[in-house]
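A.B. asks: Order-wise, the sequence lines are chains Z and D. Residue 148 in full-length UniProt numbering sits at position 148 of the first sequence, and the numbers go up by one each step. Residue 289 in full-length UniProt numbering sits at position 289 of the second sequence, and the numbers go up by one each step.
Since the hints were made in silico from the structure, they are not lab data. Computed from a prediction, not measured in an experiment: that's the story for all the values here. For every residue, glycine included, the Cβ atom is placed at its ideal position computed from N, Cα and C. There are no misleading hints in this set.
Just the calculated beta-carbon pair ranges, DEER-fashion:
hint: 1; chain 1: D; residue 1: ALA69; chain 2: Z; residue 2: ASN271; range: 38 to 44 Å
hint: 2; chain 1: D; residue 1: ASN38; chain 2: Z; residue 2: SER92; range: 31 to 37 Å
hint: 3; chain 1: Z; residue 1: VAL256; chain 2: D; residue 2: ARG147; range: 36 to 42 Å
hint: 4; chain 1: D; residue 1: TRP149; chain 2: Z; residue 2: LEU260; range: 30 to 36 Å
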Amino acid sequence: MTGRMRTTLLLAPAGTWFLVMLLLPLTVVLIFSFGERAPAGGVVPAFTFEQYANLPARWTAFKNTLTLAPVGTLASLLIAYPLAYFLAVKASPKWKTILLVLVIVPFWTSILIRSYAWIFLLGGRGIPALLEWVGIEGVRLINTPFAVLVGIIYGYLPLMVFPIYVSLDRLDKRLLEASSDLGATRWNTFRQITLPLSIPGIATGCMLVFILLMGEFLIPALLGGGKVFFVGNALVDLFLQSRNWAYGSAVAVTLVIVMLITVTVYMRLINRLGATREDVSIM
Amino acid sequence: MNVGGYRTGEAAVGKTVIAELRNVSKRFGDVVAARDLNLSIGEGEFLSFLGPSGCGKTTALRILAGFEAPSEGEVLLDGEVVNSLEAHRRPVNMVFQHYALFPHMTVAQNIGYGLRQQRPRLAKATIAEKVGKALDVVRLSDFEDRRIWEMSGGQQQRVALARAIVNEPKLLLLDEPMAALDRKLRKEMQIELQNLQRKLGITFVLVTHDQEEALSMSDRICIMRAGRIVQIGAPQDLYDRPNSRYVAGFVGSSNFFDGEIIGQNGALVSVRLADGRVVEGTPTGTLSRDQNVCISVRPEQMKLTRKADGVAVEVRNRIFLGEHTEYLVASETLGEFLVLSPRQSELNDGPFEAGDKLFVNWEANSALVLDRN
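From just these sequences and the hints, can you work out the full model?
C.D. replies: Okay, here's the thing in structure tokens:
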């Protein structure tokens, strides 16, 4: 068997999957997006930009997604980094495994059930009731952007913790000793050695969380209560409720394009940071 | 009895003491890594810690660097106790075993790292100038913008060296710096390191398990065993006057014959060997009559001859080494041992072959009487 044949064979399953499950449907969606809504729902083939012209009607969904996805990613990062740092650097080997398992434990229960739990916690009889009891009244948490943010951080934290943990765990501890030996204080060692060398983990974690958040619909649906909705919720609505496939397709295509643009810009930024991170660390 | 006054670890005469260990011990849980270390290091000296792995030499170095605090005793730098002074505040720099270069920085950025930590800040131009000089010293001037992974092992080592010396430390600590280099490169680096030390006048403290490395580079060697300092001295002193069988076996190679002291004859003592033969030797360390001792004779101090003079042996093996020939000989009563014959004696007496029945003798003053441990 030639090397080329072997490569082809190895790639065949994934390639087929990619073609049938991703490219083909995406093409269909793209074609639909230029179509018109059939009277009974579904789509009538056409070539019109009418659906795209209607996009501003769904602006709020895009606005919510494009604020809460980056904000959620950043908030997850800020919470995950110290946790990952503790797990990788400070935790004793004995505790490390247990603590790591604890980080994954929430995954053993469905996100749906866990989000329901948050509905209760943030709802009238949950935290607001507790606050009322200590004298703080009129706090509304459920169905606010804050509730969605809480749900996002809660649901996506492990995805952020693990890549950062891995990059910090791999970090050669002798580099930290070398830095200290050369006169750097702990903070400066962190700033100039630990942080720059954990950038790959940060980049991976942010990418993972951000991409998944852009397509999120469950958390806003449950904790946003129709008031804080994402593009994902708009899509569910358009395809399943109003059965406006053409318009739904246009929204979906736009989301994919927006995602591609943000991810490309993000990758560029990370690569630039990677290439010049020494300069950054010297500042 | 003191051997040449070195046992106490006094810095070589006429040198200012720059660093000192006083009764330093280090325990990790139940494990004692270093016991009661006493040592003075003189300014500009090249001192080596020599011993097998686990003997405490690296612990001693890490205590000097400030990575470990001693459990007991005092560490002094420039006359001041620095036990609780953190590593980043000590005027001491280290070349790590696997260099520990920062992979996300260029060669020049690695070398300038220590300078950039100084407060008040140094001017950028000053840093650039010092880095340039350091690059010059280690002959890497054209490599300043290279990435670490683009450098060979030998080059990486020079970067590590430059990164340390650029800070003009009071002590430069080297933790098995040659361990990762191949044999040829190691030889080159040894010479380079020695030249560098003379040129810069910085005090070098080297940790190694390679006796050849320690012997060829050091002003003094501190031999360690199981957390203790066994003997400190100049390479020749350790070679000529080891204070124990351990040191004699560790520094160079030697033949040992067990025996017991039966008398004294001036500066020499008489020892009865296992076969009843009585030989004389120079006593070292504290010895007493009837003590179980061993006689140590270096292979090159033994003479192989056809004349019936000395211990009767049979040649088992002959290895021609050029200037010398190494013979493995066996005596019925003393067992097998090594004799190193100069080329000339072989030319005079004719080559000895395996199976030849010969005699081995040595001068009484080249035989050392040592404690058996």
